[in-house]
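Enquirer: Using the sequences and the hints given, assemble the complete structure.
Counted the way my numbering counts, the sequence shown spans residues 1 to 171.
The set of hints was computed from the structure by calculation and includes no laboratory data.
Among the clues, some could well be false.
[Said to hold, decoys possible] Distance ranges between label pairs, derived from CB positions:
#  : residue 1 : residue 2 : range
1  : Asp-103   : Glu-154   : 18 to 24 angstroms
2  : Thr-143   : Asp-103   : 27 to 33 angstroms
3  : Ser-87    : Val-140   : 17 to 23 angstroms
4  : Asn-128   : Asp-103   : 16 to 22 angstroms
5  : Asn-45    : Thr-143   : 39 to 45 angstroms
6  : Ala-79    : Asn-128   : 31 to 37 angstroms
7  : Arg-111   : Leu-53    : 18 to 24 angstroms
8  : His-41    : Ser-150   : 42 to 48 angstroms
9  : Leu-146   : Ala-79    : 30 to 36 angstroms
10 : Gln-54    : Leu-160   : 30 to 36 angstroms
11 : Asn-70    : Glu-154   : 30 to 36 angstroms
12 : Ala-145   : Leu-75    : 17 to 23 angstroms
13 : Gln-152   : Asn-45    : 37 to 43 angstroms
14 : Ser-87    : Thr-149   : 16 to 22 angstroms
It should be emphasised that the depicted structure is a prediction, and the values quoted were computed from it without experimental measurement.
Each residue gets a CB set at the ideal place from its N, CA and C atoms; glycine is no exception.
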Amino acid sequence: MLSSQSGYLFLVVKKKQSHVNLSMLIKVTSVFFFSAVLPSHTCGNPGRLQNGLQQGTTFNVGDKVRYSCNAGYILEGHALLTCVSSSQNGASWDFPLPSCRADDACGGTLRGQSGIITSPHFPTEYNNNADCTWTILAEVGDTIALIFTSFQLEDAYDYLEVTGTEGSSLW
Numbered sequence: 001m002l003s004s005q006s007g008y009l010f011l012v013v014k015k016k017q018s019h020v021n022l023s024m025l026i027k028v029t030s031v032f033f034f035s036a037v038l039p040s041h042t043c044g045n046p047g048r049l050q051n052g053l054q055q056g057t058t059f060n061v062g063d064k065v066r067y068s069c070n071a072g073y074i075l076e077g078h079a080l081l082t083c084v085s086s087s088q089n090g091a092s093w094d095f096p097l098p099s100c101r102a103d104d105a106c107g108g109t110l111r112g113q114s115g116i117i118t119s120p121h122f123p124t125e126y127n128n129n130a131d132c133t134w135t136i137l138a139e140v141g142d143t144i145a146l147i148f149t150s151f152q153l154e155d156a157y158d159y160l161e162v163t164g165t166e167g168s169s170l171w
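Expert: Rendered as structure tokens:
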């Protein structure tokens, strides 16, 4: 922010590769603010989904964008995003952009503050030789909690492996 106690501000603009100096004199008659970035009341387009649809074409504070997936795909993440005021950026979406995964896909990436991991075709059985790998992304310092609400493995054939932790942080 530029300010002046006298009510005048003198700026010099120099052009590269030229010997001519350009200058201007601005008289401030009232307090005003100028911003060269997006206004603080807009979030910008959150993005489009591959194999999905976006409903909502305005991106100001309070506006909502709803996402859904094409037939044969399942939405991962939050279907409804809301543009909210943010002290850091002025305005931002309350959740990250979701994604669409194939209904029979096995594995994927989970982002955001919550989500659901299922086997293919849940609650029906999944195919033999399925090798599902899920990556859970979180901010440094965040805690990831896995809560199993329904869990069934076939003895001697199926297993669950959780990796990527430090030492005895599994409980």
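Enquirer: Hint by hint, which ones does the structure fall short of?
Expert: Numbers 5, 9 and 14, in rising order.
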